[in-house]
Amino acid sequence: GAGVSQSPSNKVTEKGKDVELRCDPISGHTALYWYRQSLGQGLEFLIYFQGNSAPDKSGLPSDRFSAERTGGSVSTLTIQRTQQEDSAVYLCASSPASVSYNEQFFGPGTRLTVL
Amino acid sequence: AQKVTQAQTEISVVEKEDVTLDCVYETRDTTYYLFWYKQPPSGELVFLIRRNSFDEQNEISGRYSWNFQKSTSSFNFTITASQVVDSAVYFCALIFTGGGNKLTFGTGTQLKVEL
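These protein sequence lines are chains A and B, in that order.
Under this note's numbering, the first residue of the first sequence is numbered 1, with each subsequent residue one higher.
Under this note's numbering, the first residue of the second sequence is numbered 116, with each subsequent residue one higher.
Hints were generated in silico from the structure; no laboratory data involved.
Accuracy of the hints is not assured; some may be wrong.
Calculated cross-link-like contacts (lysine to any residue; reagent style SDA-like; alpha-carbon spacing at most 20 Å) [claimed, not checked]: (1) B:K185 x B:E174; (2) B:K153 x A:S38; (3) A:K57 x B:G213; (4) B:K131 x B:Q198; (5) A:K17 x A:T78; (6) B:K153 x B:E130; (7) B:K153 x A:V89; (8) B:K118 x B:E141; (9) B:K153 x A:R111; (10) A:K57 x B:Q117; (11) B:K153 x A:D56; (12) B:K118 x B:K131; (13) B:K118 x A:Q37; (14) B:K153 x A:Y101; (15) B:K118 x A:P61; (16) B:K118 x A:E44; (17) B:K153 x A:P108; (18) B:K118 x B:Q198; (19) B:K118 x A:G59; (20) B:K153 x B:Q123; (21) A:K11 x B:G158; (22) B:K118 x A:D56; (23) B:K153 x B:S189; (24) B:K153 x B:S127; (25) B:K227 x A:L39; (26) B:K118 x A:L39; (27) B:K118 x A:G42; (28) B:K185 x B:S168; (29) B:K185 x A:Y101; (30) B:K153 x A:E44; (31) A:K57 x B:T212; (32) B:K118 x A:G40; (33) B:K153 x A:Q37; (34) A:K11 x A:V89; (35) A:K11 x A:A97; (36) B:K153 x A:F105; (37) A:K17 x A:Q83; (38) B:K153 x A:E20.
Based on the sequences and whatever the hints tell you, model everything.
Structure (structure tokens):
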């Protein structure tokens with residue numbers, strides 16, 4: 001079956017612009033996660049959704065970052081007024097349920113470059 | 116504090132050598148889950164194994180084996196008879212029950228297998 005998909009695969013933007021990154025989880029997966037991978041910070045958690053609600057937003061680095069999920073499916077991560085330090089690969093993952101022992105299936109990521 | 120340490124930044128081996136990737140974790144929780152993920156050059160994180168804190172039985176899957184030792188807080192990964200296709204970055208990760216469902220990753224070990 002189809003895995004987690006993310007779009008765009010690459011995004012180049014200018015400092016100060018807003019960007020939206022999209023994640024399509026595996027059908028039927030109720031839990032969705034956003035992570036960020038950068039050279040300086042490694043792999044870090046951003047936000048977790050169970051259904052359409054986000055019980056854990058603790059990893060969002062600033063109020064310029066927000067995310068939503070609609071219909072218990074697609075999620076969008078929005079970064080406002082992008083900064084150069086936002087350059088990273090943004091990874092989305094989904095899992096069948098909210099229990100912590102479930103494997104998280106990762107998408108290919110969106111590489112964001114802020115000039 | 117919850118933490119995962121992968122002290123080996125990069126390992127280079129010749130094909131058919133055995134190689135062990137080290138992972139040491141810290142958590143105050145008695146219930147937690149440990150994971151290994153592989154990130155090949157294509158970039159997508161691939162799940163390899165999950166272990167819960169109550170199951171210290173070692174596991175073997177083909178050329179892969181895992182040694183979980185609670186006494187030393189380690190969850191090491193061995194590849195037997197390495198192959199060029201094993202070249203990737205390998206991440207150890209932790210989910211602790213007091214921290215929601217987010218994965219806490221180590222910094223990864225880059226494995227290079229050469230002919």
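Hint-by-hint comparison with the structure:
1. B:K185 x B:E174: The given pair, whose Cα atoms are some 15 Å apart, holds under the 20 Å limit.
2. B:K153 x A:S38: With a Cα-Cα distance of about 17 Å, the restraint between K153 (chain B) and S38 (chain A) holds, given a limit of 20 Å.
3. A:K57 x B:G213: Given that 20 Å is the threshold and the Cα spacing comes to 15 Å, the pair holds.
4. B:K131 x B:Q198: With Cα atoms ~6 Å apart, K131 (chain B) and Q198 (chain B) stay inside 20 Å; holds.
5. A:K17 x A:T78: holds (11 Å)
6. B:K153 x B:E130: At roughly 18 Å apart (the allowed maximum being 20 Å), E130 (chain B) and K153 (chain B) satisfy the hint.
7. B:K153 x A:V89: Within the cut-off at roughly 16 Å; holds.
8. B:K118 x B:E141: holds (5 Å)
9. B:K153 x A:R111: Given pair K153 (chain B), R111 (chain A) holds - Cα atoms ~18 Å apart, limit 20 Å.
10. A:K57 x B:Q117: holds (18 Å)
11. B:K153 x A:D56: Given that 20 Å is the threshold and the Cα spacing comes to 25 Å, the pair is violated.
12. B:K118 x B:K131: violated (32 Å)
13. B:K118 x A:Q37: Holds, because 17 Å separates the two Cα atoms, which is no more than 20 Å.
14. B:K153 x A:Y101: holds (18 Å)
15. B:K118 x A:P61: Holds, at about 19 Å.
16. B:K118 x A:E44: The hint holds at about 12 Å.
17. B:K153 x A:P108: holds (13 Å)
18. B:K118 x B:Q198: Judged against 20 Å, a Cα distance of about 30 Å means the pair is violated.
19. B:K118 x A:G59: Distance ~15 Å between K118 (chain B) and G59 (chain A) Cα, so the pair holds.
20. B:K153 x B:Q123: holds (15 Å)
21. A:K11 x B:G158: The given pair, whose Cα atoms are some 16 Å apart, holds under the 20 Å limit.
22. B:K118 x A:D56: holds (18 Å)
23. B:K153 x B:S189: holds (18 Å)
24. B:K153 x B:S127: Holds, because 16 Å separates the two Cα atoms, which is no more than 20 Å.
25. B:K227 x A:L39: holds (19 Å)
26. B:K118 x A:L39: holds (18 Å)
27. B:K118 x A:G42: holds (13 Å)
28. B:K185 x B:S168: holds (8 Å)
29. B:K185 x A:Y101: Since the Cα atoms of K185 (chain B) and Y101 (chain A) sit roughly 18 Å apart, the hinted pair holds (cutoff 20 Å).
30. B:K153 x A:E44: holds (16 Å)
31. A:K57 x B:T212: Cα-Cα ~16 Å, so holds.
32. B:K118 x A:G40: Between K118 (chain B) and G40 (chain A) the Cα gap is close to 17 Å, so the pair holds against 20 Å.
33. B:K153 x A:Q37: Cα-Cα ~14 Å, so holds.
34. A:K11 x A:V89: holds (10 Å)
35. A:K11 x A:A97: Not satisfied, since the Cα-Cα distance of roughly 30 Å exceeds 20 Å.
36. B:K153 x A:F105: holds (12 Å)
37. A:K17 x A:Q83: Answer holds: K17 (chain A) to Q83 (chain A) is near 9 Å, not above 20 Å.
38. B:K153 x A:E20: violated (27 Å)
Hint compliance for this structure: hints 11, 12, 18, 35, 38 are broken, all remaining hints hold.
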